[in-house]
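K.L.:
The lines below spell out each chain.
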Amino acid sequence: MSFRFALVGNPNSGKTSLFNEITGNTQYVGNWPGVTVEKKEGRAKKIKDDVKIIDLPGIYSLSPYTLEEIIARDYLVDEKPDVVINIIDATNIERNLYLTTQLVELGLPVVIALNMMDEVEAAEDKIDIDALAKSLGIPIIPTIATKGRGVNELMQKSLQIAQTAAVGSTTGKSLDIFNKGIGKYISETESALAAHLQDIPFNPRWVALKLLEGDLKIIDRLNLPGKLLQEIGQRRDMLEEEYGSDAETIIADTRYDFISGIVKKTIERKRSQGALSTSDKIDKVVTNRLLAIPLFLAVMFVVFKITFGALGSFTIDWVDVLINETIAGTISGWLEAAGATEWLYALIIDGILAGLSSILVFVPQIMILFLFLAFLEDSGYMARAAFIMDRLFKRLGLSGKSFIPMLMGFGCSVPAIMATRTLENEKDRRLTIILTPFMSCGAKLPIYALFAGAFFANNQSLVVFSVYLLGIVIAILSGIILRKTVLKGEPAPFLMELPPYRIPTGKGLLIHMWDRGKAFIKKAGTVIFAAAVFIWFFQTFDFSLKMVEDPANSILGVIGRGIAPIFSPLGFGDWKSAVAIFTGLLAKEAVVTTMGILHGLGEVTESSTSLIGAMQTYFTPLKAYAFMAFTLLYMPCIAAFGVIKREMNSWKWTWFAVGFQTAVAWLVAFVIYQVGSLLGF
Amino acid sequence: MTNTFDLSSALEDYLEVILELDEKKEEIRVTDIAKRLNIAKSTATITVNKLKKLGLVIQESYGPVELTRAGKEYAEEVRGRHLLLHKFLIELGVDYKTAEKDACLMEHILSPVTMKRIAEFVNQENGIEQEHTTKTHRYRDAGSGITIGTADDEMGLRSTGVKSLNELRVGEKGNIIRIAGKGAIHRRILDMGAATGSEVVVKGIAPLGDPIEVTLKGYNLSFRKEEAKQIFVEVCRK
Ligand SMILES: Nc1nc2c(ncn2[C@@H]2O[C@H](COP(=O)(O)OP(=O)(O)O)[C@@H](O)[C@H]2O)c(=O)[nH]1
Ligand SMILES: [Mg+2]
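Just so you know, the sequences run in chain order A and B.
Under this note's numbering, the first residue of the first sequence carries the number 1, and numbering increases by one thereafter.
Under this note's numbering, the first residue of the second sequence carries the number 682, and numbering increases by one thereafter.
Simulated restraints on C-beta separations:
1) A:Lys488 <-> B:Lys716: 47 to 53 Å
2) B:Glu907 <-> A:Arg43: 44 to 50 Å
3) B:Pro745 <-> A:Asn179: 36 to 42 Å
4) B:Gly774 <-> A:Gly233: 49 to 55 Å
5) A:Glu242 <-> B:Glu747: 18 to 24 Å
6) B:Gly864 <-> A:Ala663: 35 to 41 Å
7) A:Glu242 <-> B:Gly864: 19 to 25 Å
Because the hints were derived from the structure by calculation, they are not lab data.
We put the CB at the ideal spot given by N, CA and C, even for glycine.
Let the sequences and hints guide you as you build the complete structure.
P.N.:
As structure tokens, then:
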């Protein structure tokens with residue numbers, strides 16, 4: 001038989017960790033709310049039956065607030081999975097059960113995975129699981145998702161429930177949450193609903209509750225007649241009058257009362273409410289009034305110092321030698337032995353190998369950076385960063401939550417732009433999407449590494465750090481300007497959970513790093529490889545397909561010379577830079593690949609690997625900096641462009657975004673070069 | 682009435698006076714209130730405007746002042762609830778100060794039913810035919826910046842204070858009474874655990890002064906002071 005099990009729970013309760021354990025997949029987890037922003041499917045292993053597992057974004061209730069939460073709720077109410085596996089963070093049962101009380105109302109079979117039991121044990125709290133299961137009427141399986149503990153039992157139980165449900169015996173009985181008084185209003189609403197609508201696509205009692213609460217999304221979905229709405233509105237008024245508050249509060253409070261009642265009977269906490277946990281103690285330092293911001297900058301600087309310092313250079317040299325001496329030597333040996341023609345030799349050694357090596361040398365460095373980012377995310381520091389930075393973001397009319405997509409932008413714009421789904425409103429999302437590519441992505445790192453290495457050898461990490469900072473500053477300024485012009489609106493609210501600090505697991509970090517890093521290796525093998533061949537070809541031949549002596553006369557040279565004047569005021573009006581900027585649209589690493597191939601071949605003198613020497617004849621440090629600034633800011637690569645289109649869901653906004661970015665890039669590079677020249681750099 | 686015109690007790694006095702006048706079925710003018718409190722009319726106007734902003738009274742321009750439903754309940758409760766529990770504890774033989782402190786704690790957690798029984802018990806003991814509001818004990822309207830004490834304030838025993846969450850200092854705690862406003866944010870705060878009666882502790886303030894971090898239902902939540910302003914808590918000072 002085939003079944004679908006959906007993983008549902010609060011953000012950060014361990015859904016993705018559990019998903020990875022069940023399916024053997026490697027989705028990355030993160031210790032901040034909003035890591036999984038779309039649903040992911042996988043197949044359960046170690047089980048005979050065909051079971052599909054769906055990892056949903058975290059939700060706090062069935063009243064969605066953000067786009068990702070809408071995705072989760074819609075999946076539950078529309079697709080009706082066979083079993084809902086409700087993951088509960090055992091260290092925070094009260095809030096987690098709030099969702100459970102609502103899941104039960106949907107009428108779907110529910111199993112609880114009581115996760116993070118290791119933390120409960122460490123805190124020496126006692127949970128009477130049997131009693132808890134009994135009072136909820138839901139089976140509970142204790143788990144430790146990160147260690148895979150309890151996963152088999154959970155799957156067995158879920159299967160058993162799915163099979164029983166398939167046979168037709170009812171499982172979900174509703175909880176006895178509401179007292180007679182409120183219950184009366186709910187049943188009345190339910191009958192009123194039944195009288196007006198023949199078949200409701202969802203559980204009627206749940207719909208009745210939602211209507212009583214005044215859930216606009218449900219009202220829209222059901223397209224209810226005005227008369228019914230009026231009737232329900234009257235009931236709501238009566239309820240509110242009788243209980244002296246608004247319906248949402250009354251219903252929420254009743255749920256919490258029910259939960260408190262159960263929790264009091266089944267859980268014994270050792271630590272008293274007021275006592276400081278380790279996490280609180282760390283927070284005292286990390287979010288300290290005076291220390292927080294210096295600490296944040298210091299953390300970032302250390303990350304850059306290590307990535308671009310001795311360790312980074314070491315890995316670059318190592319890979320460089322590996323490819324350009326060991327591998328290139330071997331291959332050219334083969335080619336000569338096989339009597340390859342001159343052009344084939346040139347294609348493989350000067351085109352493909354030179355192009356690939358210009359990227360591959362940076363892969364270890366990118367991995368190191370990603371490892372650090374993974375650590376910051378998994379430990380829980382990212383959420384604090386959002387908390388610390390919110391005030392600044394408020395100035396931009398954004399919330400600190402926008403900071404998380406932006407920080408992710410340092411990895412890659414594609415997932416970062418998708419992460420904007422955690423934001424509440426459309427304008428904030430648009431603005432964040434436009435600004436996120438200003439955060440320098442990992443693919444741009446080789447560009448800075450190349451230029452900083454060539455022109456600022458003595459203070460490489462400082463210069464690269466400054467480029468990253470420049471991106472942030474420009475994002476802030478752009479945010480202010482856009483908020484005042486095309487994206488006017490109320491400042492976004494900020495409401496975010498700060499998860500406890502956790503020591504990241506080694507496996508988790510590696511998955512996380514690899515998940516992002518592998519994309520670069522894959523790109524090197526596909527897009528960059530193709531680009532290398534393409535560039536080599538077009539700069540070797542002219543329009544009549546004859547091999548040219550001087551690449552400036554090649555097809556690429558001619559095109560490059562055509563667009564180069566646009567960049568003259570910025571200091572790099574040569575055709576090679578123009579071509580590099582153009583190919584950078586395929587993937588930002590291609591800028592370096594292009595430079596590698598074009599400058600490598602341009603110098604007929606000696607070994608083509610001495611890229612740096614070749615570039616020093618074209619650029620001055622000032623021009624190099626202007627070039628870095630331009631590549632930092634201009635239109636993102638084609639993959640990011642696609643995601644922007646998808647998330648903006650509008651061509652107009654998509655073109656506006658990339659147009660704006662490119663215009664800003666030109667302007668900033670212009671100012672840097674012109675002012676720099678005036679100052680005599 | 683007292684002459685200690687710190688902002689909070691002034692607001693409280695206003696509410697009580699308006700309630701009193703209201704019960705006499707008079708049309709209440711700002712002048713009446715000013716006269717009753719023996720203060721300047723301009724001062725009274727300012728304070729009434731404050732109450733208006735808090736949604737506790739309504740007044741069309743220069744028209745009569747009326748208590749809103751929330752305002753009335755509030756005023757009644759100020760008068761009744763704490764006093765009742767206090768009386769009850771005294772009757773049990775608890776000393777005055779402890780009774781004051783405990784009444785403050787008890788009023789958050791007792792169910793309406795228990796409150797009602799206590800009311801009946803106290804009234805029976807005293808042979809008083811006095812009615813206390815019992816139905817809406819759980820829900821009260823509260824406004825920003827006001828501290829509502831009890832009738833015992835004259836004795837300098839202010840112990841109960843309604844504050845908005847943004848007024849709490851780091852380390853202070855309170856119990857949620859009401860979340861003002863409507864719409865998505867209101868709903869969200871509820872969904873994230875801010876049930877009526879639950880305890881919140883202010884954990885910290887971000888280095889740039891906003892947002893704040895609170896502990897609620899055993900986890901940490903952060904939001905801005907703007908949102909905190911909408912959350913009213915009752916603080917017990919010991
Ligand atoms: N100690 C402990 N940590 C866990 C457990 N399950 C998940 N985590 C950690 O909790 C954080 C959130 O996990 P994740 O799977 O991303 O949660 P999701 O947001 O619900 O998908 C990560 O840092 C995990 O490593 C567990 O059973 N014990
Ligand atoms: Mg997840």
